[in-house]
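Assembly of the complex is requested from the two constituent chains, each provided in isolation within its own frame, with the hints serving as guidance.
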Amino acid sequence: MKKTVLLAAGAAFWGATLLVTPVQAQQGVKIGLIATLSGPQAGIGREIVDGFNLGVRHAGGRLGNVPTEVLVGDDQFRPDTGKSVAERMVQRDRVDIVTGVVFSNILLALSDTVLKDRRGVFLINSNAAPSDLAGKGCDRNFFSVSWQNDNVHEAMGQHMTNAGVKRAYLMAPNYPAGKDALTGVKRYFKGEVVGEVYTQLGQTDYAAELAALRAARPEAVYFFYPGGMGIAFVRQYAQAGLVQQIPLFGPSFSLDQTILPGIGDAALGVYASTYWSEKLQNPGNEKFVRDFEAEHKRIPSPYAAQSYDTAMLIDAALKQSGGIGNKDKFRDAVRAANFTSIRGPFKFNKNHMPIQNYYLTQIAKDPQGRLVMDLKGVIFASHADVYAAECKMKW
Amino acid sequence: MPLLLFLEQTLNGLQFGVTLFLMAAGLTLVLGIMNMVNLAHGAFYMLGAYFAATLVPITGSFLVSIVLALAGAAAVGLLTEVVALRTLYSRDHLDQVLATFGLILFFRELVKILWGPIAIFMDVPALFSGRVEIVPGAPYPVYRLVVLAVGVGVGGFLWWLIARTRLGMLIRAGASNREMVGALGIDIKLLYTLVFALGCGLAALAGMMAGPLYVVDIGMGDDILIKTFVVIVIGGIGSVRGAFVAAIIVGMVDTFGRILPSQFGLSATLAEISIYVLMAAVLLWKPRGLFPAAG
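Protein chains in written order, with this note's numbering: chain A, 1 to 395; chain B, 1 to 295.
Do not take every clue at face value.
What the hints assert, rightly or not - Below, a list of computed lysine-lysine pairs in the DSSO-like style, where the Cα atoms sit at most 27 Å apart:
no.: 1; chain 1: A; residue 1: K297; chain 2: B; residue 2: K112
no.: 2; chain 1: B; residue 1: K112; chain 2: A; residue 2: K83
no.: 3; chain 1: A; residue 1: K350; chain 2: A; residue 2: K327
no.: 4; chain 1: A; residue 1: K30; chain 2: A; residue 2: K287
no.: 5; chain 1: A; residue 1: K350; chain 2: A; residue 2: K297
no.: 6; chain 1: A; residue 1: K297; chain 2: A; residue 2: K179
no.: 7; chain 1: A; residue 1: K116; chain 2: A; residue 2: K30
no.: 8; chain 1: B; residue 1: K227; chain 2: A; residue 2: K179
no.: 9; chain 1: A; residue 1: K376; chain 2: A; residue 2: K365
Simulated from the structure, these hints should not be mistaken for lab results.
If we strip away everything but chain B, and leave its shape as in the complex, we get (with noise of 0.2 Å):
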């Protein structure tokens, strides 16, 4: 392979990564923190876009957009979260699964009768509309790189927050001892509640930021959500830091994976495999992930 378009293929792998990183760092934190396996994140993905994708052109922009659009997912996590999980935290994963696929089918029956079966349209903001040649003669489109700076900065904060804030003491209290936690007068259901809604508002931006790369459709979150729970078991559930490590990873093996094994003439079905062996392989070395959050 030619170093430009290696070069090029790098900068593809770690914005694929970046996007996974987004979708992960919220699934991670709800399983790790509040030991709940949820499916429905897809759902909040899907949500956040078709919020975002029916608000730029009644508001006119594209950043009041995001900002409601996340105000509302973040809204609709909530009262997901009171209504229907918090009963669930006490019953087995097999439950929580069950549940939460319920959710799914719910919230893809909802989107349907509200927007209709077929795609919506999001475009990509006409400040960003434009073209770079980081590489050159590669022209790259800038919204890429938007994304992919706004995964770095949503990992900036996510580590101020855990490291630095009250509040994020409380997160990591709570993942490594939530009974202890209780015990010291802290209003547990309260942090769930909310550690709910932080995640369900990091699906929906990852799902506004991708709705005009990909697609915004009711099938948009479940390709992306099997990804991320791979990102989430190599990167150590529960673990922010893994889940971007793990991410950029995932992005880079999958990235190549797919552009490989074609220029040897290996078969396509190569690269649909590639981040699952990864994944059994970490899993071998490490059988809690890269950094198995404390406790």
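Next comes chain A alone, as it looks inside the complex (with noise of 0.2 Å):
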């Protein structure tokens, strides 16, 4: 396990405050953040630890004004090891907010370990937010600052009825987040689905598939392939010689800073739905691009950008509720969101899932040749999830 500690001289400060005035002493606030650090899948993870240690840093190194520590931990891409990190966390570091998850099944390990632990532990999430902690299983300590797992889908499938497409040919792997990535396309496509093909996890061959899909003369292909299946999956459609035929959508997952390098020029001319972009205009985006890009010489990827954001707006909810000592102040600085998202408009839903824009990206090039999502447009203007309704929460 990796240990980050941020304090350096906030604990020096702290710990001269303690002496001084041991009565007023100021509360600190220690997070765990549990990534996938290690194995094929390490990249996301990388780029959430990135982005949230930038938006530490911008703060000052101390969140809501008060002695941050951020433990990191590596849940190894095994629900096993994630709960037992998230364990350790949460009751020999005593943290008090768990962050960091990225992949759904291991966020549903480790959740009722952070949610049901008596000290009230808040589960901020900066990436995976299923479906089942977004309907009837929402909960009053989780949060989901990314998104809920099928928005980015949603936004293809309604770029792609107002595109016009008529026959549209949809792939994913064969695991629950395949099977909930295309249901969230077909919730908004409008037109005929010819094809819905469900492939091995892991696969990275597509000949097969590939020619079966020729075969079926769709106007357009959806596909969702996480990390090196999607690099696969892209590459090999341009060698077909389909990219000019049959136009390729897919969410930001499959065509992100993390796999681009990876698939090359292939890339150029797919469409990607995203929530953020490194061409969006804000000042704090623009901030955001140049710090993470003098710190790390890459682009940012949009997981980069939601946690960083989830780290903004743990200091913005410090910052109104004085410190995390009062659980249910902080919980309400929490849904109220009061921070400058990077991301555009951005508030949470009654379920703790965010309201935010959804917009249209295409594979280009920007002046120094990198691949980038280039933005072409908004898809949803404040676009909610459909599990709302089911929870229960009032406030």
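Now the structure itself:
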């Protein structure tokens, strides 16, 4: 486990204050960031950690002007490991907030450990947000700062409808998130689905599927393949000469900066739906992109942006509530979301899922010749998820 | 299924089978001759691709990069054999599985430290980046045909090496009776080291041929390793000929298993089990595989 302690001067200051005025000692905040940091899926975890750390740095190393400590844990892409890391952080290290979880299955494995703890620990997550925690299973201490799992797919379904696509072909891996993704697309795509194909999780050869796809003669193809699967799929789609014939649509998860360098020029012209782009023009975003690139020598991905936003949200909430000592006050402050998101307008729905914009981008080259998601417009303004209706929470 | 689509899928199945063969040939040699279960075979597949992907922009030549990357991967294999694996030959298979699984984790983290956690780019060489219409109406990537040719070429080379050379004779002798070979004064240690390096070289070659088609990342060796084990179990452990035949069969069954269920409205999960059902059926019929190595 990698342990990043951002206490530094804050700790010394805190200790000194304790000695002088023990009664008015300022309570700090301890945050446990659990992400996938080893194995083939580590690229996303790195974005989450780097984005969060930049947020803490922009807040002067002290979120909400209180001493801030960030513990980083690696779930190794395994639900059981994620759960035991969460137990250690919640029970031994006594963190106040858990964040960072990349994958839904890992989040579901550890959510009870965090949310059922008697101290009242918050799970303010910066990536995974499965429907299980958005509908009937919503929780007063669970927040998603990223999106609800279906949203990005829904946005592209809507865009394909807007673009007048009559016959679409849908592809995803054969696992729960793959089925959810295509369900999300179909919720807003009003044309005919001429093929809905689920392939093996981890499969990287798509020659047979692409031959069948060509034979079905669709007008558009939607694909959801995260990680290496996405790289292999887009490249083979281009190698088979299909890019020029049948436009390709996907979510940012299959076309962001953790994936584009591996795809190369084969990705040019492919459409991606997203909730953040490095081209979004607002002062906060320009500062984020500039400082992230300066520090890490790469373009940030949407994962880094939403993790940065998570740090900024916690910062603003702590300022408003005057620390995390009073859980109810802190919860109200998080709900208010009085921060300026680098993604544009942002507020929480009553199930603690975001209501935010979703954008259309197309893969193009920036002036330095790097592949980027070029912003084309807004698909959904202030879009909410469908599960909020099932959530009984009132506030 | 229309005839033309059937032909195209047959070609896809052949090509996938040959990719599996490149991987299986090395694994079956090491397992059959050295009686060594090497789970880290996939790590050399990955290393080969990373070496080649890194060298192509430096040397500017795909061919030169492949030769250098092959030498590099074989050298790493040699070093691994001498440092880590030699002590394992006399141990039982479970110990070997544990140790070589450790090697997988070691090489993964090493690659992550050196190249970073996200996939790196490897392009199809410009010469082979086009498409040809072998089956009318279905342009087929030339590079896939190149992979097919390389696989068949490697199969021919291995046949020649094993059937026609002195080294091949020793390899065959080692596979059927290692004690006797040792007693006859052959340096069996050296033979093992050579065979292991050859196996690593073959895995690396498979990785660098697959790189431009699939993806060059830390997980690339995992999925294919499982299918490779299926191939060598069906083919008969230690038999290169068996590996070739089984790889083609598995490539075909996997390809059509992925396509046919959806045509009849059946679950996609059927595709995932097709090759394992095949393996079970072959083992019921021939418990030692289709072409068991002599001995």
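27 Å limit on alpha-carbon distance, applied to hinted pair K350/A and K327/A: holds, 18 Å
Proposed proximity, K83/A with K112/B (alpha carbon, max 27 Å): holds, 24 Å
Hinted pair K376/A and K365/A, Cα distance within 27 Å: holds, 14 Å
Restraint status (C-alpha distance of K297/A to K112/B at most 27 Å): holds, 17 Å
Hinted pair K297/A and K179/A, Cα distance within 27 Å: violated, 35 Å
Given hint K287/A paired with K30/A - CA-CA distance at most 27 Å: Between K30/A and K287/A the Cα gap is close to 26 Å, so the pair holds against 27 Å.
Restraint status (C-alpha distance of K350/A to K297/A at most 27 Å): violated, 39 Å
Restraint status (C-alpha distance of K116/A to K30/A at most 27 Å): With a Cα-Cα distance of about 18 Å, the restraint between K116/A and K30/A holds, given a limit of 27 Å.
27 Å Cα cutoff - pair K227/B, K179/A: holds, 25 Å
When each numbered hint is compared with the structure, violations occur for hints 5, 6.
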